Every structure is written in C-alpha cells, then in structure tokens.
Amino acid sequence: MTEFFNDWGITALVFLPLVGALLMMLVPAKDEELHKTIALGTTVITGVLGGFMLWDFWGMGKANWSTLQYVQDRTWIDVINARYFVGIDGISAPLIALTLLVVPLVLIYSWNHIPNPGNAKMFLILILVLHTGMLGSFVAQDLVLFFVFFEVVLLPMYFMIGVWGGEQRLYAAIKFFLFTLFGSALMLVSFLALYWVTGGTTFSIPGLADQVAAGDIALGTQVAIFGGMFLGFGIKVPMFPFHTWLPDAHTQAPTQGSVILAAVLLKLGTYGFVRIAIPILPEAAVEWAPWIGLLAVIGIIYGALGCLAQTDMKRLIAFSSVAHMGYVMLGIATLTPFGINAAIFGMVAHGLITGMLFFIAGSVKDRFHTLEIKRLGGLLVQAPKMGWILGFCTMASLGLPGLAGFWGEFPAILAAYSPAEGISTTLFRVYMVIAALGTVLAAGYLLWLLQRTAFGTPSEEFADDPEIVDMHASEWIAWLPLLVLIVFFGFLPGIIFDLTDGTVVDRLGSLVAEGSP
Amino acid sequence: MSQLAMLAAETQEIATNFFFYTIAIVSVLSALKMVTTDNVVHSALWLLIVLASVAAVYVFLGAEFAAATQILVYIGAILVLLLFGVMLTRAQIGHEDDLNHPQPMQGLMVAVILFATMVYALADAFGTTRLDALSEQRVERTDAVADAIFSTYIVPFEAISVLLLAALIGAIVVARRD
Amino acid sequence: MVATLLGILAQIEQAPFVRPAIDWHAVAPELVLLAGGALVTVFDLIFMERGRKYIPTLTGLTFLAALVPVLTLWDNGIARSLFDGAYITDRYALVLKALFLLSGYVIVLMSTNYMAEGDYYDSEYYQLISASILGMLVMASSRDLIGIFVALELISIPAYLMAAWRKRDLKSNEAGLKYMLMGVFASAIMLYGMSLLYGLTGDTKLRSISSAIADQGTTPIITMAIIFVIIGFGFKVSAVPFHTWAPDTYEGAPTPLTAFLAVASKAAGFVALMNVVLYAFEFQPEIAEPFIWLLSAATMTVGNLIAIRQTNVVRLLAYSGVAQAGYMLAPLAVYEVNGIEASASAVVTYLVIYAAMNLGAFAVIMAAARRTRSGEIDSYRGMLNWAPGLTVLMTIFLFSLAGIPPFGGWFAKFEVFRVLLTGNTFSGVSLAVIAAVNSVVAAFYYLNIMKNMWFMDAPEGTDQSKLKIPSPLVAALAITLIVTLVTGTVLAGPLRNATDFLAF
Chain A
382 MTEFFNDWGI TALVFLPLVG ALLMMLVPAK DEELHKTIAL GTTVITGVLG
432 GFMLWDFWGM GKANWSTLQY VQDRTWIDVI NARYFVGIDG ISAPLIALTL
482 LVVPLVLIYS WNHIPNPGNA KMFLILILVL HTGMLGSFVA QDLVLFFVFF
532 EVVLLPMYFM IGVWGGEQRL YAAIKFFLFT LFGSALMLVS FLALYWVTGG
582 TTFSIPGLAD QVAAGDIALG TQVAIFGGMF LGFGIKVPMF PFHTWLPDAH
632 TQAPTQGSVI LAAVLLKLGT YGFVRIAIPI LPEAAVEWAP WIGLLAVIGI
682 IYGALGCLAQ TDMKRLIAFS SVAHMGYVML GIATLTPFGI NAAIFGMVAH
732 GLITGMLFFI AGSVKDRFHT LEIKRLGGLL VQAPKMGWIL GFCTMASLGL
782 PGLAGFWGEF PAILAAYSPA EGISTTLFRV YMVIAALGTV LAAGYLLWLL
832 QRTAFGTPSE EFADDPEIVD MHASEWIAWL PLLVLIVFFG FLPGIIFDLT
882 DGTVVDRLGS LVAEGSP
Chain B
453 MSQLAMLAAE TQEIATNFFF YTIAIVSVLS ALKMVTTDNV VHSALWLLIV
503 LASVAAVYVF LGAEFAAATQ ILVYIGAILV LLLFGVMLTR AQIGHEDDLN
553 HPQPMQGLMV AVILFATMVY ALADAFGTTR LDALSEQRVE RTDAVADAIF
603 STYIVPFEAI SVLLLAALIG AIVVARRD
Chain C
7 MVATLLGILA QIEQAPFVRP AIDWHAVAPE LVLLAGGALV TVFDLIFMER
57 GRKYIPTLTG LTFLAALVPV LTLWDNGIAR SLFDGAYITD RYALVLKALF
107 LLSGYVIVLM STNYMAEGDY YDSEYYQLIS ASILGMLVMA SSRDLIGIFV
157 ALELISIPAY LMAAWRKRDL KSNEAGLKYM LMGVFASAIM LYGMSLLYGL
207 TGDTKLRSIS SAIADQGTTP IITMAIIFVI IGFGFKVSAV PFHTWAPDTY
257 EGAPTPLTAF LAVASKAAGF VALMNVVLYA FEFQPEIAEP FIWLLSAATM
307 TVGNLIAIRQ TNVVRLLAYS GVAQAGYMLA PLAVYEVNGI EASASAVVTY
357 LVIYAAMNLG AFAVIMAAAR RTRSGEIDSY RGMLNWAPGL TVLMTIFLFS
407 LAGIPPFGGW FAKFEVFRVL LTGNTFSGVS LAVIAAVNSV VAAFYYLNIM
457 KNMWFMDAPE GTDQSKLKIP SPLVAALAIT LIVTLVTGTV LAGPLRNATD
507 FLAF
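In order, the protein sequence lines correspond to chains A, B and C.
Everything in the first sequence is counted per my numbering, starting at 382 for the first residue and increasing by one.
Everything in the second sequence is counted per my numbering, starting at 453 for the first residue and increasing by one.
Everything in the third sequence is counted per my numbering, starting at 7 for the first residue and increasing by one.
Keep in mind that the hints were calculated from the coordinates and are not lab data.
Treat the hints with caution; some may be incorrect.
[To be verified] In the DSSO-like style, the derived pairs of lysine-lysine whose C-alpha atoms are separated by at most 30 Å in a straight line are: (1) LYS184(C) / LYS485(B); (2) LYS177(C) / LYS59(C); (3) LYS556(A) / LYS746(A); (4) LYS766(A) / LYS755(A); (5) LYS411(A) / LYS173(C); (6) LYS173(C) / LYS184(C); (7) LYS472(C) / LYS59(C); (8) LYS173(C) / LYS59(C); (9) LYS411(A) / LYS457(C); (10) LYS184(C) / LYS556(A); (11) LYS474(C) / LYS173(C); (12) LYS457(C) / LYS746(A); (13) LYS755(A) / LYS556(A); (14) LYS411(A) / LYS766(A); (15) LYS472(C) / LYS411(A); (16) LYS177(C) / LYS457(C); (17) LYS59(C) / LYS474(C); (18) LYS177(C) / LYS474(C).
[As the list claims (entries may be wrong)] Pulled from the structure, derived: some chain B residues nowhere near chain C, Cβ distances all over 10 Å: (19) THR463; (20) GLN464; (21) THR468; (22) VAL478; (23) SER479; (24) PHE517; (25) ALA519; (26) LEU524; (27) ILE530; (28) LEU551; (29) TYR572; (30) ILE606; (31) ILE621.
No experiment lies behind these values; they were computed from the predicted model shown.
The C-beta atom is built at its ideal place from N, Cα and C for all residues, glycine as well.
Please take these sequences and the hints and turn them into a complete structure.
Spelled out as structure tokens, the structure:
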C-alpha cells in the first residue's frame with residue numbers, strides 16, 4: 382500500500398475527480414440521479430483514498446512530517462526545468478483533509494439543492510474540476526505546476542457564479558474573474574523573475590528556497606518579487622484593499638459555490654504565502670511584514686465594521702470572512718512559527734465554520750427566498766434545530782473558547798506580541814491591540830445577526846409559510862461532520878498544531894535560526 | 453588607344469545617353485498620361501508605351517533576354533488580356549468622368565515621398581557604380597537562365613505549374629455563369 | 007541568313023547542363039501531396055457527379071499520406087540540403103510541414119458538410135486547398151527568395167479564389183476582391199524589396215544574402231529593402247497597419263476558408279517572415295528589430311481594441327487573430343539577444359498551439375451556425391441549453407486563446423514572455439508589458455462570448471432541441487480539442503523539445 386502511495390498516490394488523488402467528470406460527460410444530462418451518484422461516488426472514493434494516505438502520513442510520526450512525503454518528481458517541460466513535482470507535508474496535510482471533507486459534503490447537500498437554472502450535469506462536473514484544481518494546488522511543489530492548478534480553480538468558480546448565481550451574477554462573476562486573473566498574472570511574472578534571478582535552473586519550491594538562501598540576490602529585487610506574489614496571493618485571500626470582489630462573489634454565488642469559496646478557495650491565497658512567498662524569500666518577507674500586518678488589522682476592523690453595515694445575511698458572512706482572514710494574515714505577518722501555526726489552524730477553522738455559515742444561509746434562502754436580515758426573524762420558532770445550529774456556528778465564529786474558531790484567532794493575536802527578528806515589536810503590539818478590539822466587534826456583529834434572525838417572533842409575511850420547515854436529511858448528513866469537527870478541534874487543537882509545527886519551523890529556515898522566540 | 457577609338461567611344465557614350473534620356477522622358481510622360489487620362493482604352497495604350505520603353509532600357513543594359521521577356525509577357529500577354537477584359541466586360545469605351553480618383557493630391561504626395569526615398573537610397577547605393585561596357589557579368593545568357601530554372605530553381609518552377617493549374621481551375625469556377 | 011545565325015549559335019560555347027542531384031526522400035511529402043492532388047483531379051474528371059461525395063475523404067487521405075514521409079524524415083533526423091542550400095528539409099521545416107498538413111486535414115473535415123450542403127463547386131475547392139497546402143510545404147523548406155515568393159503566391163492565389171467561392175453572395179465577392187487586391191499590392195512591395203536584395207548581393211539564397219550584407223551595416227538601400235520585405239509579409243500575417251483586409255475577408259469568405267486564412271495561411275506567412283528575417287537579416291537587427299517591435303506592439307493593441315467592439319463572432323475572431331499575430335511577432339523583435347533559435351522556436355510553438363485552438367473555435371462557430379444561421383454573438387445566448395458540449399468546447403478554446411492554464415494557449419504565451427524577458431533588454435521588457443496588458447484586454451472580449459453562451463437566456467422562440475453535429479465536424483472538434491488540451495499539460499514539454507531541435 383505504501384508503495385502505491387509513493388508511486389501513484391498523489392496523482393490518483395488529484396486526478397480521480399477529473400476521471401469522474403469525464404465519466405459524467407458520457408452520461409446524458411437527463412439522468413440526474415446517476416450524475417449525482419457518480420459525482421458523490423468519485424469524491425467519496427477520493428476522500429477515502431486521501432483518508433488512507435493521510436492516515437499513513439500520520440503514522441509516519443512527527444519526525445517525518447516536515448519532509449515531503451509521497452513525492453513524485455517527473456520531467457514535464459524540461460527546457461524550462463518545470464517538473465511534475467508533488468508531495469505532502471505538514472503544511473499541506475490539514476488543507477488537503479479540509480478539501481477532501483468539504484467537497485463530498487457539498488455534493489451531499491446538492492442532492493436536493495441544485496440551484497436554478499438546473500442542469501445538474503454541468504454543475505456537478507464543474508465541482509469535480511474544481512476539486513482537482515484545489516487538490517493539485519495543495520500538493521504542487523513546482524511553481525509552474527502550482528500556477529496551472531491555481532488557474533484551473535478559477536474557471537469552474539467563474540461559471541458557478543455566473544450561471545447558477547443570484548440576480549447580479551454577471552457582474553459578480555466578471556469581477557471575480559478579472560480580479561483573480563490580474564493577481565495571477567502578476568504572480569506569474571514574479572515566478573518568472575524569481576526563476577531568472579536564481580539562474581534559471583529550477584522552478585521547484587524547495588530548490589528555489591535553497592538557491593535564494595545560497596545566492597546573493599539584491600534585497601531590492603527580492604522585495605519586488607515578493608511584491609508581485611503579495612498581490613497575487615493577497616487578492617485571493619482577499620486582503621483589505623483587494624477584497625471588493627469577495628462580498629459580490631459570495632452573495633451571488635450558489636450555496637455550494639459560497640461554501641467551497643469560503644472553505645477552500647480563500648485558503649489558496651494564504652497557503653501561497655506560507656508555502657511559497659515566505660519560505661523562498663524570507664528576507665523580503667521581513668521587509669513586507671509590517672505592511673502585511675497593517676493590511677491585516679485594517680482588514681479585521683474594516684471587515685467587522687462592514688458586517689455591521691450589512692442588511693443581507695450572506696453579505697454579512699462574506700465580510701466576516703474578510704475579518705477572519707485578517708487574523709490569519711496577521712499570524713502569517715509575524716513570521717514566527719507560532720504565528721504561522723496559528724494561521725494554518727485559522728485557515729482550517731475558518732473553512733469549517735464559515736463553510737457551515739454559508740450552508741445555513743443557503744438553507745435559509747431556500748425557505749424564506751430572501752436573506753434580508755430585516756425580514757427574517759424567529760428562526761428558532763419556525764425551525765428550531767436550524768436556529769440552534771446557527772447559534773452554535775456564530776459562537777464558533779466569534780471565537781468562543783472550546784470551539785475551533787478560538788484556536789485560529791487567539792494564538793494569532795498572541796503571536797503578534799513578539800514578531801520575528803527584524804520586525805518592529807512596538808508596531809506589532811499596536812496591531813495586537815487593534816486585533817483584540819476586532820474580536821469585540823466580531824462578537825458584536827455576530828450576536829446582532831443571531832439576535833435579529835434567530836430570536837424574536839417570525840415576521841408576518843413568513844408566519845404561516847408552509848415552505849419553512851426544519852432540517853432535511855441531506856442537510857443533517859452534510860452538516861453534522863462539520864459541526865462535530867468544530868467541537869473536536871476546539872478541544873483537541875493539538876492535532877493540527879502538532880502536524881504543522883515541525884514543517885513550519887523547517888520551512889521558515891533562516892527566520893527561525895536567527896533566534897526569534 | 454588611338455584618337456579615333458577614343459572619339460568613337462565618346463560618340464557611343466553620347467549616343468547612349470541621348471537615347472537613354474529620350475526613352476526615359478517618353479516613359480515618364482506616358483506614365484503620367486496613363487494615370488491622368490479619362491479613357492480606359494487610352495490608359496491601356498499609354499501603359500503599352502511605358503512597358504515598351506522599359507524593355508528598351510533593358511536593351512541598353514545588354515539584358516536582351518529580359519527585354520524580350522518584357523515584351524512577350526507584359527505587352528504580348530498581360531496588356532492584351534487587359535484590353536480583352538476592358539472590351540468584353542465594359543460597355544463604355546471612351547471618355548468617362550469618374551475614372552480618376554477624386555483626390556489626386558493624396559496619391560501625388562505618396563508618390564513623391566516614395567520616389568524621393570527610392571532615389572535617395574538607390575543613388576546612395578549605386579550612384580557611382582558603372583557597368584563596364586561589354587563586360588562578362590552584364591551579359592545574361594539565355595541558356596544560363598534555362599539551366600538555372602531546371603536545376604537550382606526546379607522546385608519553384610514545378611510549384612508555378614501547380615499554381616497555374618490551380619489558378620485556371622479557380623478562375624473558371626469564379627467566372628463561370630451558372 | 008539562317009546559315010549565318012546558325013554559325014553564330016555554333017560559336018557560342020555551350021556550357022554543359024549539370025543535372026541537379028535531388029534527394030527524393032527530402033521532397034517526398036511534396037511529391038505525395040502533388041500526386042494525391044493530381045489523382046483527386048483525375049478521379050473527379052472520370053466519375054463526375056457520382057464521385058463527388060468521396061472527394062473530401064480522398065483529399066483528407068492525401069494530406070495524411072503526405073504526413074507519412076514527414077514522419078520518416080523526422081525519424082531519420084538528418085537535415086537535408088538540396089540545390090546548394092536553396093531547399094532545406096530539417097526538423098524545423100518538418101514540424102511546420104506536419105502543422106500545415108494536419109491543419110489542412112482539419113480544414114477539409116470542417117469543409118465537408120459546409121461545401122456539400124451549400125451548393126458550391128466542391129471538388130474544385132478541394133483541389134485548390136491541396137494546391138495551397140502544397141505551397142505551404144514548399145514554403146517551409148525554401149531558403150531562397152524565388153522559392154519563397156513562388157510558394158507565397160501558390161498559397162495566396164488559390165486562397166483569393168476560394169475567398170470568393172460563395173459566388174452569389176456580394177460579401178464573398180467583396181472578400182475575394184479585397185483580399186486579392188491587398189495581397190497583390192503586398193506582393194509587389196515585397197518583390198521590390200527582394201529585387202533590391204538581389205541587386206545588392208547578386209544572389210537569391212538567404213544565407214548568401216546574409217553574409218553578403220553582413221558588413222554593410224545600415225545603408226539606406228539595405229534599410230529600404232528590409233522594410234519593404236517585412237511590410238510585404240506584414241500584409242500576409244495581417245499585422246497592423248496592413249490588416250484592413252482581414253475582417254471583411256474573414257466575414258465574407260466561406261467559414262472553413264476563413265479558418266484556413268486565419269490559421270494555415272497566416273502560419274505560412276509567419277514562416278516566410280521568420281525565414282527571411284532570421285536567415286537573411288541575421289546581422290541587421292538594428293533595422294529589423296525596431297520595425298518588428300513597432301509592428302508587434304501596434305498589431306496586438308489595435309487588434310484587441312477593435313475586437314472589443316465586434317458583435318459578430320467571426321469578425322471578433324478575425325481581430326483577435328490580428329492581436330494574436332502581434333504576440334507571435336514579438337519574439338522576432340528580440341532575436342539578437344536570444345539567438346534566432348530561441349525566437350524561432352517560440353514562434354513555432356505558438357503557431358502549433360494557435361492553429362489548434364483557433365481551428366477549434368472556428369469549428370464550434372460552424373457547428374453553432376447550423377442552428378443559429380448567424381454569427382452574431384447575441385445568437386449564442388442560451389447555448390448551454392441546446393448545445394452544452396459545444397459550449398464547453400468553445401469555452402476551452404476561448405480560454406486557451408486568452409492564455410489561461412491548463413489549455414495550450416498559456417504555454418504559447420509563456421514561451422513568448424520567456425523569450426521577451428530573457429535578455430532583460432528594454433525593448434523586450436517593454437514589449438512584454440504591452441503584451442501582458444493586451445492579454446487582460448483580450449480576456450475581456452473572450453469572456454463576453456462566454457457570458458452570452460453560459461449566462462444569458464436564449465431569446466424567445468429559439469429551437470431548444472439538442473443540436474446534431476455531423477461526424478466530420480465532430481472529428482475536427484475532437485482533434486483540435488485533444489491538441490489544445492495536451493499542449494498545455496502533458497505534452498507541453500515534448501512540444502517545446504520538438505521545436506528546440508530547430509537547426510538554423
């Protein structure tokens with residue numbers, strides 16, 4: 382089994398969903414049940430395979446987690462030294478697990494929630510292509526390969542928003558597409574620049590990190606290259622001034638699209654920082670850290686204030702994403718193992734919690750046909766179970782200790798107390814205070830949301846609406862794993878911290894060796 | 453060299469120059485006439501004089517083969533074809549009001565600029581070059597042309613045969629009335 | 007009198023005619039195509055109406071048969087030089103020959119139903135296509151001004167005629183006439199430049215010209231010759247400002263022929279341009295490079311800006327093809343720092359991928375036109391419902407044209423950018439920036455087509471039943487799709503290697 386994992390594991394994992402998609406293309410569109418079965422089956426098989434691999438990975442023990450496992454390194458475009466180089470380590474493992482979990486749940490939810498205008502075949506095929514793109518991005522260890530997978534993610538999402546989205550879907554889809562395309566173009570340019578300044582011998586991430594560490598590339602050049610990556614990843618995260626596509630995309634996307642977007646796609650940006658930008662260009666990262674930190678805290682406060690101004694539930698959750706990703710970016714900006722571990726935990730936690738919130742928003746929309754907070758109310762009366770789940774998720778989202786959200790936010794704030802060597806401690810302590818204030822605001826807007834939608838009495842227009850029922854079976858199946866995991870990681874955060882810590886220390890390399898706490 | 457021979461050479465040069473300039477002036481004037489006339493048949497006939505004078509210039513350069521080709525192909529084939537075309541397709545043979553371009557100044561400007569550039573470039577490159585009278589290099593022998601066509605340029609030559617066939621087929625299809 | 011003449015003739019020393027040594031293997035692809043074309047003509051003459059329906063198949067088979075010697079030559083691997091270097095069959099030429107033959111095959115597949123259903127003279131059409139493709143094969147190998155000129159005319163003259171093939175349609179007549187007038191004008195300019203080159207060097211072989219003018223620098227006459235020649239090819243590849251014929255011709259010509267012009271004919275123009283610039287002007291980069299830089303920048307920018315405003319898909323693709331020509335010109339603007347091999351291989355890579363994705367897009371347009379009967383972008387609304395497969399295919403081809411991974415187009419653009427940025431010269435970097443901005447602009451109008459196909463509802467009264475696509479067109483779509491997909495992913499490396507063998 383291990384041999385299979387070593388030779389074919391990752392390739393099979395990444396391309397299995399694509400095989401499922403090809404299979405579905407051969408089936409006529411009328412047979413929706415069959416399409417759903419194939420799609421779900423493929424992702425479950427992928428999930429099981431991935432589960433076995435990650436279990437095997439877990440079994441290797443702490444000492445081996447920081448080394449890339451199941452590596453495949455094959456010739457691809459050898460004239461430019463781009464290779465098919467994939468592998469799993471402690472940083473990618475939790476995110477792969479998250480992806481493998483969320484996509485099947487989304488498909489279960491889709492069983493009786495295919496959004497208008499129907500066409501389940503195309504919708505499910507797009508989700509499977511998206512699955513391949515996301516998994517590929519998390520395992521790629523070669524910049525060209527990473528770029529290709531990163532872009533593969535873009536297309537299905539664009540169509541999901543544009544075809545199955547809400548009223549303003551055209552605008553949202555184009556905005557999403559152009560923002561991301563612009564970011565990835567800059568990212569590609571900086572990848573190429575990096576390739577040339579290191580002598581044009583490799584695109585592999587560890588290889589480039591070694592070359593930059595060994596070479597004497599001018600700091601200015603490094604800073605400029607980091608700037609390009611910063612824009613590319615920052616738009617995807619999204620960080621404060623580039624976030625404007627996110628609320629539109631989230632609001633207009635179908636529920637499934639919102640969930641995948643929140644749970645996985647946004648992580649591609651932060652993952653890019655942790656995997657690519659910082660390990661390869663640690664010195665430039667130190668120069669950029671104060672600015673990243675600044676944008677992160679602006680994002681926290683701005684996102685929170687934005688939430689308070691929203692009248693639409695989905696838009697509110699979208700803005701809360703901006704704030705939460707701010708904590709993740711703050712953790713990353715400290716450039717300490719502690720901060721980055723917290724950031725990775727934050728990514729997973731945000732994926733679980735915000736994914737859940739979007740699920741709920743979708744179900745609310747299905748029942749009430751609106752998400753306007755003013756018109757909602759009394760969810761606890763009409764659909765008590767769903768109301769309680771909403772309450773639970775808002776608690777998790779505001780960072781209640783004992784739930785997963787806490788372990789994403791709190792350590793990130795704490796890490797800002799002492800950032801890495803070479804970064805102004807005073808500045809980061811100011812950031813820390815602001816970020817802490819942000820948690821108060823977060824509690825404010827989330828409780829406000831809960832109070833206005835779940836509590837109180839149902840508004841008159843929905844009082845006797847027969848469509849408003851409590852949980853469906855498919856909702857239970859799709860949501861329960863997420864809810865369980867939110868609690869589980871709330872009590873046992875160490876599982877993820879253990880997994881990532883060694884790798885983070887290893888990848889940070891010189892930043893840690895220089896003697897930061 | 454005797455006095456007589458020098459005189460002969462000088463006379464020959466004067467004669468050559470005299471004929472060259474005559475031909476050149478005729479050719480330029482006919483070209484002007486050709487573009488300004490408002491009768492399409494006259495235009496074709498002026499073109500004939502232009503082409504014939506170019507052939508005459510070839511004779512002066514000692515390129516008899518090129519001169520013969522010029523007459524055979526341009527006058528014998530293309531011009532006749534042109535006249536056929538005019539005769540067969542257009543009813544009006546004679547004075548026409550709208551034959552000329554309404555804005556001749558634009559064309560004139562382009563022509564003047566192009567002419568000036570070419571004169572400058574050509575004078576810069578070949579202004580002082582003189583072809584030695586009756587030297588070997590200026591005699592282009594017809595059998596050498598034939599040899600080149602059937603050895604070095606055999607592929608283009610064969611390609612032209614296909615080209616002619618294709619043009620024939622295509623022309624028939626496009627021109628055919630059905 | 008006669009006796010005197012005979013006497014004079016007898017006195018002329020007869021230089022003995024040396025029979026040229028011909029490597030028959032090297033010209034085998036051309037000969038197979040020639041024989042096949044002749045056979046098709048004879049077949050048509052014998053069987054007349056009864057044989058009509060077999061003509062496309064036979065023509066297609068001829069192209070595939072001509073591909074066999076190309077493969078054996080590739081396998082053989084030796085660069086063969088005929089006629090003292092005037093005609094060369096090396097791997098560079100072979101890649102291009104394979105490209106031309108395959109494009110020709112796909113175009114025949116696309117033409118089959120269009121021609122059969124549209125009351126045209128169809129067997130003659132296939133004969134002209136064969137002749138034109140033969141010209142391309144000759145072009146790929148010619149390293150001599152006369153060969154290049156004749157090949158170019160052999161490509162163009164059948165194309166002028168085919169553009170006017172829809173005889174009863176005024177637009178098609180306009181297409182043919184405009185294309186011919188512009189093409190002849192371009193040929194005249196180019197020929198003037200070529201005659202200057204010959205006058206300067208006394209030779210027609212590109213290599214000899216290159217060495218003869220190598221130390222003459224940039225005298226006015228050389229500058230003029232080079233610029234005239236490049237302008238001539240600029241018309242053929244529809245570079246701005248010599249592009250004005252393209253949209254009208256593309257719109258009026260029969261659609262398969264439009265694909266032919268936009269892909270095969272343009273590629274052949276590029277090959278000619280590349281051969282002349284890289285072989286003959288190797289030592290004159292200070293003239294050729296800035297001029298091509300200007301052409302390239304103007305071509306991509308103007309092409310894109312006009313493309314945005316188009317409402318007709320064929321015209322839009324015409325202008326986007328103009329813009330794509332700008333990207334393809336770009337590597338030729340920096341051949342000095344990179345070496346001509348790198349520039350040529352980037353252009354060839356681009357040509358191969360461009361051929362696949364653009365032919366694919368045209369095949370989709372043709373398939374869709376069977377339902378919409380119009381090329382307006384509006385008529386593509388709601389295509390997701392009545393032709394989901396076509397919608398996905400068109401999406402793939404358009405995204406590929408926009409240069410988005412994992413489809414072939416990204417690799418083509420990647421190679422262009424790589425060549426532009428390698429030397430770290432001002433001209434290279436500035437052109438790369440212009441190209442990058444243009445890529446984003448281009449993405450906008452490609453997205454617009456997709457928006458109509460995916461997001462908009464079909465207008466009332468549209469036939470919503472699933473569209474049936476005839477099998478030759480399906481085959482054309484399949485071939486182009488496969489090439490578009492593999493060149494961007496698994497075969498990107500091998501493709502790059504294949505063009506890396508370019509033995510200049």
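These are the hints, each one checked on the structure:
1. LYS184(C) / LYS485(B): 27 Å, holds
2. LYS177(C) / LYS59(C): The hint holds at about 27 Å.
3. LYS556(A) / LYS746(A): Status holds; Cα separation ~23 Å.
4. LYS766(A) / LYS755(A): 21 Å, holds
5. LYS411(A) / LYS173(C): 44 Å, violated
6. LYS173(C) / LYS184(C): Holds: LYS173(C) and LYS184(C) sit about 14 Å apart, inside 30 Å.
7. LYS472(C) / LYS59(C): Given pair LYS472(C), LYS59(C) holds - Cα atoms ~27 Å apart, limit 30 Å.
8. LYS173(C) / LYS59(C): 21 Å, holds
9. LYS411(A) / LYS457(C): 24 Å, holds
10. LYS184(C) / LYS556(A): Judged against 30 Å, a Cα distance of about 41 Å means the pair is violated.
11. LYS474(C) / LYS173(C): 28 Å, holds
12. LYS457(C) / LYS746(A): Roughly 25 Å separates the two Cα atoms, so the pair holds.
13. LYS755(A) / LYS556(A): 28 Å, holds
14. LYS411(A) / LYS766(A): 35 Å, violated
15. LYS472(C) / LYS411(A): The given pair, whose Cα atoms are some 12 Å apart, holds under the 30 Å limit.
16. LYS177(C) / LYS457(C): 29 Å, holds
17. LYS59(C) / LYS474(C): This hinted pair holds, its Cα atoms lying about 20 Å apart.
18. LYS177(C) / LYS474(C): 28 Å, holds
19. THR463: 26 Å, holds
20. GLN464: 22 Å, holds
21. THR468: 21 Å, holds
22. VAL478: At about 23 Å from chain C, VAL478(B) clears the 10 Å cut-off, so the statement holds.
23. SER479: 18 Å, holds
24. PHE517: 13 Å, holds
25. ALA519: 17 Å, holds
26. LEU524: Label holds. Min Cβ-Cβ 19 Å, cutoff 10 Å.
27. ILE530: 13 Å, holds
28. LEU551: 17 Å, holds
29. TYR572: Not fine: 6 Å to the nearest Cβ puts TYR572(B) too close to chain C.
30. ILE606: Since the minimum Cβ distance to chain C is about 6 Å, ILE606(B) lies within 10 Å and the statement is violated.
31. ILE621: 5 Å, violated
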